[in-house]
Amino acid sequence: MIIEEINILRQHGWQYIPDPLKAEVPAPFRGRPEIQVGMSLDIQQELFDLCPVEAIGMNPLSIDLGKCYFCGECAMAHPQAIRFTSDHRLASNVRQRLIVAAGDTRGIELDPDKIRKEITAMFGRSLKLRQISAAGENSHEAELNACGNVNFDMGRYGIEFVASPRHADGIVITGPISQNMAEATEICYEAVPDPKIVVLVGSDAISGGIFAGSGALNRSFLDKVSIDLYVPGNPPHPLTFINGILALSRSRS
Amino acid sequence: MVLTTDKKSISIHNTEAVSIAEIPVLAYADFKAQVLTWLHFEKCHCVAYFAYPFAGGLKFIAAIADDSNAQVYLLSHEQMGTQAIELDALSASAMPMHIYEREIAENYGVVFNNHPWPKPVRFAFNRFNQEMQVNDYPFYKIESDQLHEVGVGPIHAGVIEPGHFRFLCNGETVLHLEIQLGWQHRGVEQLYLDKKTLLQRAILSENIAGDTAVGHATASALLTESLTGANTQNTMLDIERTIALEWERIAMGIFDLSNLNVGIAYQLANSVFGALRTPVINFFQSWCGNRFGKSLIRPGGTHYPLTDELVAKMVAIMDDFETRFDAMAEKTFHLPSVLNRFDGIGKVTKKQMTLIGAVGQAAKAAGLIRDTRYTHPVMAYETLKVLPEMQNSGDVLARFTLRRLEIKQSIRMIRHLLDMRQYVDQESGSPLKQSEYSMKPNAFSLALVEGWRGEICHCAITDENGNLQHYKVKDPSFHNWLALALSLRNLEISDFPINNKSYNLSYCGFDL
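Chains as they are written, first to last, in my numbering: chain A, 1 to 253; chain B, 1001 to 1512.
The following block holds chain A by itself, in its conformation from the complex:
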């Protein structure tokens, strides 16, 4: 009976987030960290030794979000030194901007001057992406899928994941890129017509994460291409991805 379906629809009401650009994620979500200045070298050393993924730098004390897993252990060990805000806007097109140093309280943004002109000109209203899981551990892939669900509904902006690289305007890589996926990743990239973008999603893709240095990886592909967007997280929240990809494709500088 169709009436049952109507009742189910009514029961659920509107599920979509009205404006993903304005939506916030409640604490204890760990987003952009803020670091106090003037921490002693002892504390800095302790935090450096604690970090499981070598994301913490010293003098000045800093966190590289391209490596960070947002486990929050550093903030728990020294809450006076590091605090994770719930600011989920973490993506940038400049690798260096992912490094948050002591005293930085500004949000992480893209550098509009470094966005290639053809990206905004051609992909501003419609952007089709081919996802490559290159040894991704499936929570990243699940969050990218969630971007298209009824809550986040990324499709409203004309941004979608497509089945074939031939239909895509770029690739989105998750995972640290294993040796066994290195060739397939490159073939897939080659199959995308020009102009095309490359997006790295998650700290595994950006830096290798906890897998950095493993003999099973082959990240040489990343040396051959220019990266248009880095989206940090383990995994990044869907809002982090959506805000980042919109900032890249919609900027009007």
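These aren't lab readings, by the way, just hints derived from the structure by calculation. In this text, all values refer to a predicted model and were calculated from it rather than measured experimentally. There could be a bad hint or two in this list.
Unchecked claim - Covered stretches of chain A (in silico footprint by chain B; criterion: 3 or more residues with CB under 8 Å from a CB of chain B, positions within the stretch not fixed):
| hint | region |
| --- | --- |
| 1 | 28 to 36 |
| 2 | 123 to 133 |
| 3 | 143 to 157 |
Claimed, not checked - Between beta-carbon pairs, the in silico distance windows are:
| hint | chain 1 | residue 1 | chain 2 | residue 2 | range |
| --- | --- | --- | --- | --- | --- |
| 4 | B | Ala1029 | A | Lys224 | 46 to 56 Å |
| 5 | B | Leu1310 | A | Ala101 | 32 to 42 Å |
| 6 | B | Leu1310 | A | Glu109 | 29 to 39 Å |
| 7 | B | Glu1172 | A | Thr120 | 42 to 52 Å |
| 8 | A | Thr120 | B | Val1424 | 51 to 61 Å |
| 9 | A | Ser86 | B | Val1002 | 44 to 54 Å |
| 10 | A | Lys224 | B | Pro1336 | 48 to 58 Å |
| 11 | B | Thr1197 | A | Gln96 | 20 to 30 Å |
| 12 | A | Glu109 | B | Thr1307 | 31 to 41 Å |
| 13 | B | Gln1426 | A | Ile227 | 32 to 42 Å |
| 14 | A | Gly155 | B | Pro1336 | 23 to 33 Å |
| 15 | A | Lys224 | B | Lys1351 | 44 to 54 Å |
Backbone N, C-alpha and C define an ideal beta-carbon position, used for all residues, glycine too.
Given chain A's structure and the hints, the job is docking chain B onto it.
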């Protein structure tokens, strides 16, 4: 630990650490006879069989779980010298051993004579034969003008992990499906040895398979606790971890229900189940800051105790969830167009599941009880005494139905645990500190945890200084991928997607 009367094995319970010297070393013929005797019984299955470098040769350890008495039997054999090792394959008579022997053969070049399916497993970076690359996998072939092959992957059409599927087809009908994995291999087991700190190893466990972050992290935490003796008698911690495991089961169960409806283009159930997943994983975020429960599980304790405030929130989410879930499930499971697509499709019998050593959901959907919450309980499962939900038909519908039943059962269990929690006057405690991280020397331990897919097994061996010497991870997908291959026999190739979704196995959990 008990030495069996014939002195051929010792028996331990789940998460019990023993000295490596206490595990009897048998001649291979005796070892083989003993293992085959056990595996003859349905109540016994192998949870671990691996080799590691030892005194210039290899030491092989097997762990056979006896589901009738919650014991795990340990026994071993050693092969010394630099000569190539040749052994008679156990899998020639006991099929479930095929994957263990393939793994040992791949890693160390051991030759197993009469092995029925001697093929690579995952093309590990430190494998014995470096000549053979991931693109050289020897697929099964049938020479015929009438047949054709369909190759899919490693990259798939959707946003999912990579794997290669080779279908041998007669027209639209699949005669044989062979699944080649390994693309996701990141060297996880070696990284356990390379990464020295407690935190690094905990983080690594959460990232073996991100959809089972709680499951693998719990297995690793239990193992660490058994080897360090840290905080092993904490009822509150047990309750909280059990709740987290069941919550993960709900989150992934609802994901699978949504995804299966994508496979048959039933838009309403896809959207509704998809929307229902959001509050569930968002609760994980309220609990520990991560939608997949990462950073919640740590050895020795937790940074995120389940507070009264969180409990109230959890109960409210479950109440709302159940109302909406029940209405949609009732509709979906009575819709002829849904049932018609699932009923009788991709059937694997109980006998086949037993033969291939299937575990967890795949086994339970075919009437084979393989659920360590029931058979080898630890944490709060010891008091809960879970009777697993079961199905018998072994088809897509059975696996689909099992998700629904398990979601409801997990909610019941969590409500029960929340009641129990009120009577526990204890705190779950802080995680073990790096300065307290000291493991027993020359020890072996094993932890079995029922992740949402099935049995997760982690094993660790320490050296004379208490450092990790070997670490072994097993995801349930290690066994269950073969079940998917069997499901496809004599089906139309177009039925592959719903079969694949009905198992939803882990690529990275298999590839490590």
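Taking 31 to 41 Å as the hint, is the beta-carbon distance of glutamate 109(A) and threonine 1307(B) inside that range? 36 Å Cβ-Cβ, so the 31 to 41 Å window holds.
Given a hinted range of 29 to 39 Å, is it respected by the beta-carbon distance of leucine 1310(B) and glutamate 109(A)? holds, 34 Å
Within the assertion that chain B covers the region 143 to 157 of chain A, do at least three residues meet a Cβ-to-Cβ distance smaller than 8 Å? Coverage by chain B holds for the region 143 to 157 of chain A (7 residues, Cβ < 8 Å).
The hint says 44 to 54 Å between lysine 224(A) and lysine 1351(B); measuring C-beta to C-beta, is that right? holds, 51 Å
Outcome of range test on Cβ distance (leucine 1310(B), alanine 101(A); 32 to 42 Å): holds, 34 Å
Taking 8 Å as the Cβ threshold, is the statement that the region 123 to 133 of chain A is covered by chain B upheld or broken by the three-residue rule? Result for this restraint: holds, n = 3.
Between glycine 155(A) and proline 1336(B), does the C-beta distance stay in 23 to 33 Å? At 30 Å between Cβs, range holds.
Is 46 to 56 Å respected by the C-beta to C-beta distance linking alanine 1029(B) and lysine 224(A)? Distance hint for alanine 1029(B), lysine 224(A) holds at roughly 54 Å.
Verify the coverage statement for the region 28 to 36 of chain A against chain B, using a C-beta to C-beta distance below 8 Å and requiring 3 or more qualifying residues. holds (count 3)
Is it true that glutamine 1426(B) and isoleucine 227(A) lie within 32 to 42 Å of each other by Cβ? violated, 49 Å
Range hint compliance [Cβ, lysine 224(A) to proline 1336(B), 48 to 58 Å]: holds, 53 Å
Assessment of proposed distance window 42 to 52 Å (beta carbons of glutamate 1172(B), threonine 120(A)): holds, 46 Å
Going through the hint list in order, the structure does not satisfy hint 13, though it satisfies all others.
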